[in-house]
Structure formats: C-alpha cells, structure tokens
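Please model the complete structure; the sequences and the hints are all you need to start from.
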Amino acid sequence: MRIDFGLAFLAIVWLAGRMNAEVPHGTHAVQGPQTAHGPQIPVAPRAEINNDMSNDRFDMFHVSDPVDPDMTTFHYRDGYEVHCTLEGGGLFFLDGREYVSAPGTVILVHYGHLCRIIRQVSPVFERMYFYVSPRLLREASTPRSDLEVCFRDAGSPVTRVVGMDLDALRVHARLLDEARREADAGAFGGDILLEHRFLDLMVDVNRVTRCSGNVLLQARGELSPLVDGVTRYINGHLTDDLTLDALADRFFTDKFHLSRAFKREVGITVHDFIVKKRLWMAKRLLLRGANAQTACVQSGFRTYTHFLRSFKNAYGMTPREFVARST
Numbered sequence: 020m021r022i023d024f025g026l027a028f029l030a031i032v033w034l035a036g037r038m039n040a041e042v043p044h045g046t047h048a049v050q051g052p053q054t055a056h057g058p059q060i061p062v063a064p065r066a067e068i069n070n071d072m073s074n075d076r077f078d079m080f081h082v083s084d085p086v087d088p089d090m091t092t093f094h095y096r097d098g099y100e101v102h103c104t105l106e107g108g109g110l111f112f113l114d115g116r117e118y119v120s121a122p123g124t125v126i127l128v129h130y131g132h133l134c135r136i137i138r139q140v141s142p143v144f145e146r147m148y149f150y151v152s153p154r155l156l157r158e159a160s161t162p163r164s165d166l167e168v169c170f171r172d173a174g175s176p177v178t179r180v181v182g183m184d185l186d187a188l189r190v191h192a193r194l195l196d197e198a199r200r201e202a203d204a205g206a207f208g209g210d211i212l213l214e215h216r217f218l219d220l221m222v223d224v225n226r227v228t229r230c231s232g233n234v235l236l237q238a239r240g241e242l243s244p245l246v247d248g249v250t251r252y253i254n255g256h257l258t259d260d261l262t263l264d265a266l267a268d269r270f271f272t273d274k275f276h277l278s279r280a281f282k283r284e285v286g287i288t289v290h291d292f293i294v295k296k297r298l299w300m301a302k303r304l305l306l307r308g309a310n311a312q313t314a315c316v317q318s319g320f321r322t323y324t325h326f327l328r329s330f331k332n333a334y335g336m337t338p339r340e341f342v343a344r345s346t
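Numbers given in my numbering equal positions in the sequence shown, counted from 1, plus 19.
Just so you know, the hints here were simulated from the structure itself, not pulled from any lab data.
Please note that a few of the clues may not be correct.
Restraint ranges, calculated between C-beta atoms of paired labels, are given here [claimed, not checked]:
{"no.": "1", "residue 1": "D196", "residue 2": "H256", "range": "18 to 28 Å"}
{"no.": "2", "residue 1": "R251", "residue 2": "V143", "range": "42 to 52 Å"}
{"no.": "3", "residue 1": "R279", "residue 2": "G208", "range": "52 to 62 Å"}
Straight line, CA to CA, 25 Å or less: simulated BS3-like cross-link-like pairs of lysine-lysine [said to hold, decoys possible]:
{"no.": "4", "residue 1": "K274", "residue 2": "K295"}
{"no.": "5", "residue 1": "K295", "residue 2": "K282"}
{"no.": "6", "residue 1": "K295", "residue 2": "K331"}
The beta carbon of each residue, even a glycine, is placed where N, CA and C say it ideally should be.
What follows is the structure, encoded as structure tokens:
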C-alpha cells in the first residue's frame, strides 16, 4: 500500500492542534505524581508564619508539628499573640523570662514584647495560636467588657500566662476549627462566624484572667538580677544612650561580663535586643503618622543611615514602603 506522506504530515499537524486546543490558553497540562491508586491529590503547603499578620484582623493556626529550636527566632509583633497549649508543652521565652506551658495553658503576649518558643518539652506538642489586631478587640469591647484588659495590669502592658480548663479549651478549638473550614470554603457568614468564635474564646480568657488563682506567675529559669534590670532599663529608656559601656557603667559591672550574661540568658546580644525594641517603636510611630526622620529620632536611633539599614534588614522594605503598604 502506498503512503501519501504529505497527507500523513497534515493529519499529524491537525491532531496536534486539536490536542493543544483542549488546554486553555496560558495554562500548562501537568501530570501530577502517581500512586498505586491513580494521581496523588496535591497537598496545600503549610503556611509560613511571618512577623506580621496576613489578615488585618487576626490569624489562626492549629498545629502539632515538632518545634525545631534552630528554626525559631526571637520576635515581637505589632498585635497581640494568644498561644493555647492543647497537648504536651513547650518552653517559651517571654520578654525576659522563661515559662513552660502545659495542657490548658494560655499565653497572652502584649504587642512589642519579645517572645520565642525555645523548644518543646514533650514528644507531642499540639497548640493553637492567634495573631490579633488590637483594633479587633477594641471594636468588640463595651464600656463594661474590655477584651484588652487581659493584656494589662493596673493599666500597664503585660505578658502573662493563665491556666484554663482543658476540656473547655478543647471545645473552643473544635468550634474554631469548624468555623475556619467554613470560612476557607467561602461559606456565607463563615468569616463572621470565625471572628465570633474567636471573640468567645477571648471572653473566657478574660474571665479566667480576672481570677488571680488562674494566673500562673511561676517562672522557670528567672533572669539574674543584672540581666533583668538591664532589660527593664532598656524597655523604659529606648531614646537614651544604650551603648554597652553606658549600660555597664549604670549597673556597676564589667561590659564583657554583661555581654556574656545577657547573651546566655536572653539568647541574643544586648545590641540586637536594643535594635529590635527600637524598630518596634519606630513602626508604631510610622503608623501614627510620623515621618521616617521623626521615627528614627524618637525611637532612639543615632543616625538615619543606621535606622534605614536596620529597618530594611528586618522588614525587607523602606519606612516609606512600609507606610504605603499599611494604609
């Protein structure tokens, strides 16, 4: 049989065009990984948690993945952090002190306070945590019921640890998970329900906090009087001269001894601690309408060059870009 190669070539071109037409323009047909039962269902990547909220109201995470001490960092946030331990426990650094959480523990971190999970202390560590805008709690509060009061003590900002009934905490976690699934699925009212479930939790947290017997004040690994005094002094004098020499003179100690003790107990150098605190103050000033030069001076930076370099290294943007993204 004689084959007409010209017609065969045209047929191949026509068939290829038909196959390409089945793939929408601008997309690629990709064959996913296979299993013995057919294509593997893709798994959504686990969210990377940043120093700032991806949502301007609150973010919620329910995880039980192991804590890698080499991957955790000292950080502070522009909003509140609420950390609930459901199973196991972890060792936390909370603005100068260490606490060990247990099932039923709720850690309330005030914005601007330095914190870090140092390591977990049990084989399984299940926890649910939230990054919360103060505006959300403020808008939901009434003159009689202030949902921010759990983050204050006699009017002053405070980071504290409280103990809740574990069964009650698990009920909150279940309801929050259900509401989160509805919100993620785009169900009508799912986002509203999720906020309401979270506010229900904050009502209970505030009720628990009002009873002094539920406030867990015992700290593990208290800072030495020297380092505790230095951290408190830095927090209250960000615009002062905070060089290592000046701090050593004020606390009548050797600067090398102070440097070693601070790094050993706090986990970062005196310089890094001061820069983190000053950057947090600068961000607050920028959000209140201050220009970059004013924020630089009023947060304690001695030169604008140092301020700009530190800001870009910490946040990946200039102060001007930060303000533009925040408005």
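task = Starting from the range 42 to 52 Å, see whether the pair R251 and V143 falls in it by beta-carbon distance.
result = For V143 against R251, whose Cβ atoms are near 36 Å apart, the range 42 to 52 Å is violated.
task = For the pair supplied as a hint, K295 and K331, confirm whether the alpha-carbon distance does not exceed 25 Å.
result = holds, 13 Å
key: Range hint compliance [Cβ, R279 to G208, 52 to 62 Å]   = About 56 Å separates the Cβ atoms of R279 and G208, which means 52 to 62 Å holds.
ask   = Going straight from one Cα to the other, do K274 and K295 come out at no more than 25 Å?
value = holds, 20 Å
ask   = Falls inside 18 to 28 Å, the C-beta gap from D196 to H256?
value = violated, 44 Å
query = Is the straight-line distance between the alpha-carbon of K295 and that of K282 25 Å or less?
reply = holds, 15 Å
Going through the hint list in order, the structure does not satisfy hints 1, 2.
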